[in-house]
Structure formats: C-alpha cells, structure tokens
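Protein chains: 2
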Amino acid sequence: MEALFYFYRMKAIILPEKNARPSYVEVPEAPKSEGMEVLTVMACALNHRDLWIMKGQYAGLKYPIIPGSDACAALGSKRVVLNPGLFWGADECVQGKHFQILGLPLDGTFAEKVNVPAENIYPAPKHLDDMEAAAIGLAGVTAYRALVSRCKPVPGERLLVTGVGGGVALFALQIGLACGLEVHVTSSRPEKLAKAIAMGAAGGVLYSTPEWETKLKEQCCDGFDIIVDGYAGASFAKLVQLARPGGRIAVYGGTGGKMSDIVPQQIFWKQVSIFGSTMGSQTDFAGFLALVNEKKLKPVVDSVYDLHNAEAAFQRMESQDQFGKIVLRVSGK
Amino acid sequence: MEALFYFYRMKAIILPEKNARPSYVEVPEAPKSEGMEVLTVMACALNHRDLWIMKGQYAGLKYPIIPGSDACAALGSKRVVLNPGLFWGADECVQGKHFQILGLPLDGTFAEKVNVPAENIYPAPKHLDDMEAAAIGLAGVTAYRALVSRCKPVPGERLLVTGVGGGVALFALQIGLACGLEVHVTSSRPEKLAKAIAMGAAGGVLYSTPEWETKLKEQCCDGFDIIVDGYAGASFAKLVQLARPGGRIAVYGGTGGKMSDIVPQQIFWKQVSIFGSTMGSQTDFAGFLALVNEKKLKPVVDSVYDLHNAEAAFQRMESQDQFGKIVLRVSGK
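In the order they appear, the protein sequences are chains Z and Y. First residue of the first sequence: 22, per my numbering; consecutive thereafter. First residue of the second sequence: 22, per my numbering; consecutive thereafter.
With the rest of the complex left out, here is chain Z (with noise of 0.2 angstroms):
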C-alpha cells in the first residue's frame, strides 16, 4: 500500500496499526505478479488470527495490513475458493520456510481484490452460497489436517472436540460425523453443547464446570480414540487422562498457554501420539474439498456483515458468543 502509481483503487479494510480500529477505505489493487491471480471478492470470513492481528498479539506483525485469509471470489467466469495456507513447500509433514498465512505479511481478503497464488485457488463447492463458501478455508483446511491427515481415523472411533463453538471445532465436529465417528463435545456455553448435539454430536459437556473430566469419563467410560483440542493449558493434562489406548491427541492451538502436570505413565503406557498441526498444505486441502464436496459439508454461518461494517464483525468475534464463522459481504449473494 506504500506505491502510488497503482492507477485502480478498491474499497477494503485495513486494521491501520496495533490496538486501532478496523477502518473501511480506499485503497489501490495490488497490480497481478508472476504466480498470483488476482480475485474478485464476494465474500470473506474472519479467523481469531484476524483478531489477534488488530490487538498486535500476532508474530511478524506489519501495519497497515488488509486482513482476512478466507474468501469466495470471482476469477473470471470461475467462481473460486482458496487455501489460505501459502508457499507450504514440498514436505506434507511440515510447512517449509517460505511458508505464510493470507493476510500477514500479504495483504488479506478484507478488500475487492486480492492476489493468490494461482496453487492456492480451488472450485468453490457447488453446493454452498457465497457465505458459506467463504467460510470453509482456514478453520476447514486446519480441522481437515489437525484430524483426518494427522490422526486418521476409522470409522466408528470415539473423537472427542473440545471448545466447540470456534471454525476449527465445529469444522472438527461436522468432520468426524462424515468420517463415520461418534463426536463428543466440550463448551464453556450450554447453548453452545445443545447446538452441537442438535448437529449430530452424541454428547457433550461444560468444560467450565469442575470435574468436567469425571463427566465425561461418565459418559464415556473408556475414553476416547481421537481428541482434538486447541486449547492446550492446564486442561491438556487431563486429555491425555481421557485418551483410550491407542488414542491419538492433535494440538491445533495454545489459547490455554502451556501445558503442564502430564503424566507420563499415561502417555507411553497407553502408546498414546500426540500431533501438533497447523493449518493444511495443498494435499490437505484438496482433501477437505473433496469430503465437502462428497458429503455436501455446509459450515455453520454464525452471522453475515457488509464488508463496510468490519469492525461490528470484530467485535462479535470478540465477544466469544459467535457459533460458528463470522462472514464478511463485500459483493456476493
């Protein structure tokens, strides 16, 4: 944004610097470059990182930045979706060097046009409006990997989801019903356990109450195969407690800080994996899609803002009441 000899200028956001508001303004296009596309925006959706970006709680910060990593959008005829995850490189089991996330240190989706690696642009699924197309990319390509690439399951195995609410969660959840498992939930939120049991989870818990590990242990006494977890923290301990033999723990996020008091006893006897995963490499997402696609996936839309009304987004987002993606209308329908 620094040129000035861009000659078309767009409408978008910009989170201008650290702790500052979300302003709408005008902006020059970003001119296309060798490898990137140039997209037309409909629709974009937030992620925390979005918001962990304006409060300048992010690494490799720069401002002014346009945020946003998820989008359906327009290239030419097409109507497309992306992987917000770009420059992976060539190792499936860890993103390379050059690796970065849409919109840090690239600007983001929060704007008429962004520019893709043309690699990262997918068909948006048929089955999905501009809304719900935008909302599928980062939560969807990082449950896809946390569980299916990292933990594989089988079907009929136990998983248990906890924090269900977020995108990665509730992507986790739909997921696994997909995959033939039976889905357990925890939520800080009543509200928020009967939702998920109202889309197919077999049971869940308050993980705000004490003992909430007892409960579950009632409801599934021997424990669970797959847990997916992005908390981390002093709860992670108990994960582990809850993990059957063989059991399989994918870590996608630290929001609880560091984990301590794991037993472990519990780890090695049990033969229990513990896999840290991070967003998808195109492998990843390319299966995701398909499972969308197949199983005609629809992400739960928790509220739809005009693009001008960002910071109203931001805040529901901050709030923690949202239930699902948050999504931004810049010109779709």
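Honestly, the hints are just simulated from the structure, not real lab data. Careful, some of the hints might be misleading.
[Claimed, not checked] The calculated label-pair distances, taken between Cβ atoms and stated as ranges, are: (1) Y/Glu239 to Z/Cys242: 43 to 51 angstroms; (2) Y/Asp327 to Z/Gly254: 51 to 59 angstroms; (3) Z/Ala139 to Y/Lys238: 34 to 42 angstroms; (4) Z/Gly254 to Y/Gly117: 41 to 49 angstroms; (5) Y/Asp243 to Z/Tyr79: 41 to 49 angstroms; (6) Y/Lys238 to Z/Pro85: 31 to 39 angstroms; (7) Y/Lys317 to Z/Ser54: 56 to 64 angstroms; (8) Z/Phe108 to Y/Asp243: 17 to 25 angstroms; (9) Y/Glu38 to Z/Gly254: 40 to 48 angstroms; (10) Y/Leu96 to Z/Trp233: 49 to 57 angstroms; (11) Y/His329 to Z/Glu232: 51 to 59 angstroms.
Using N, Cα and C, we set each Cβ at its ideal position, and we do this for glycine too.
Starting from the known structure of chain Z, fit chain Y onto it as the hints suggest.
Same frame as chain Z, now just chain Y:
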C-alpha cells in the same frame, strides 16, 4: 511356587517381599502348559523393571516372584532369545488387555528354567555369545519400537538420545547408527558421553549442567529430527524446543515424573509428533532381531555376575554406574 506336587526342582532368584534382598533358592520347576515352552536358561539380564519390582515400585506387584524378562536359553537343541512382551494382541498400535511382561505376574528368567509362550521365542543371533544374546530383549525391542516403528527414521536425520548408559538408550544409539542417523546423546556422567562417542555418537552434553539445552543447540543449531527420551519430567519441555520442524519425540519412560511448561505453539507450529511407546509387538521384535542380524549389532554388556550373585547385580544397577546391560550367567558361556 505355592504348589508342592512338582517333581523337578531348580535354582532361581526370588524376590520374597517388598524391599527384601533377592534370594538364591531352590524352587519347583513350573510344568509345561498349553502354548508355553519350558526353556533352559543359559543367561539372563537385568532391567530397571526388576529393581522397581524389588523395591515395590511397580503396578500389579505380587511376591514371591522370580523376576527377569530377558534370557538366552535352550529349547531342545536350539539356542533362543525371547520377546518379553507377552500376549500383545492383534493391534500393532497398542498392546491389548491381556498384555504382560515376563517376570511379573508370570515368573521370569532368573532361574534355570522359564516357561514362555511359544510365539515369543526366536532364534538367538549367531554372532552373539550367550551373555550378549541374553542382553538384547526388553531394552532392544523397546528402543526399536520407540525409534523405528514409532518415529520412522530416514537415513541422514539427526537423533538425540537422552540418558545414554541405560539399556534402552544404548540400543537407541546403536539402532540409530545402524539406520544411518547422526546421533547425539545426553548423560549425567562425562565417562558415559565419552563411551557413547567412542561407539559412534556425533556428540553429547551433560544434562546435569545448567543450560545443557543451550550447549546442545550450539552443537546442533537447528535441532533434532527425532528424540528418544525415557525421562520426561521438567526437561521434556526443552526437548520440544529442541525438535526440528516436523520432529518426532518418542517417550518410553517417565523416571523424571510429570511433564510441565510445554509451549503448545512449539508443538503445533513445528508440527511436532510426540509418541508414547512401551515394549514391542512380535512385529517389532522380529524387526529388531532382523536388524541385529543384518547389521551384526552387539549389545553393550556392562558386567556379568553368576546367578547366585544376583544381589550384587541389583546393587550395580542401583548405583547407576553401569554402561550397558548387567547380565547373570546361569549355565552359559
């Protein structure tokens, strides 16, 4: 040993009760039962497990017990070794409910005869004498499963083995070298580091010095692809820090107690995998034995005691002075 109607009697070491000294006694031979073979023991070897059982620090204690999980023995004219993990079950991922380790609850190898399931008996490697062959079982299969079956090493990768000097750690070093890995070690004793380097380790640090992880980082600035650890405890968080992107950490023991202060971001952003591992299936044991035969691996034998001197062998293990396996000669050479 309660039954009085057996005809044949044999010499054996028994642990009569908690914290009592091992006694060299004459006891009845166990009769051959279905699916089991009676082996004539030439040599057997100590594991930490035997010491913990002596001290009453093990699950499922019963006394009196003949301890011992490892042996080189005769079955008719055949010289054999054994996988001490009994009744593993059908699932390669984890041992089943009937799993047990030879030497508790079933009487073990510190005797002239031992009763072992036929499926756990394997030909002894020809390049090993009786004392060496007795030393490979429990520690070898544990190291093999943890390092090879769980972490799937690729030649050229860099391995860290903690606490070298113990049986499993030494096998992890040897197996790592046999797999073409660059192996680094930690120990609390300079002489153990020197011995490990003489065996082929590329380097090592004393974990008893402050900031040992910084020294290790200086030696191997970008960390380790694989870490094999039997300690856990407070230092485990440093191992997570030392893991390269895509790194794998196998945990086969927990003498250091609970793991704390692990930074979840280091797990998920680096896509680290933490694998609990204990003992090994028949597949693991067969794989281990094939590697021992192919690469002509020889276990490190710290010392050999006569069976009636088992108490001195237990004291040697308790001193933590040993480097390699402590073997008991029964009738072999």
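Here is what the structure says about each hint:
Under the hint 43 to 51 angstroms, the C-beta atoms of Y/Glu239 and Z/Cys242, about 49 angstroms apart, fit the expected range. For Y/Asp327 paired with Z/Gly254, a C-beta distance near 54 angstroms keeps the hint of 51 to 59 angstroms intact. For Z/Ala139 paired with Y/Lys238, a C-beta distance near 39 angstroms keeps the hint of 34 to 42 angstroms intact. The hinted range of 41 to 49 angstroms is not satisfied by Z/Gly254 and Y/Gly117, whose Cβ atoms lie roughly 33 angstroms apart.
Remark: the range hint 41 to 49 angstroms for Y/Asp243 to Z/Tyr79 is contradicted by a beta-carbon distance near 24 angstroms. At roughly 36 angstroms, the beta-carbon separation of Y/Lys238 and Z/Pro85 lies within the given 31 to 39 angstroms, and the hint holds. Checked against the hint of 56 to 64 angstroms, the pair Y/Lys317 and Z/Ser54 passes, with Cβ atoms roughly 58 angstroms apart. For Z/Phe108 and Y/Asp243, the hinted distance range of 17 to 25 angstroms is satisfied, since their beta carbons lie about 20 angstroms from each other.
With their beta carbons about 43 angstroms apart, Y/Glu38 and Z/Gly254 fall inside the hinted range of 40 to 48 angstroms. At about 53 angstroms, the beta-carbon gap between Y/Leu96 and Z/Trp233 stays in the expected band of 49 to 57 angstroms. In this structure the hint that Y/His329 and Z/Glu232 lie 51 to 59 angstroms apart at CB holds, the actual value being about 53 angstroms.
This entry does not satisfy hints 4 and 5, going by the numbered hints stated previously.
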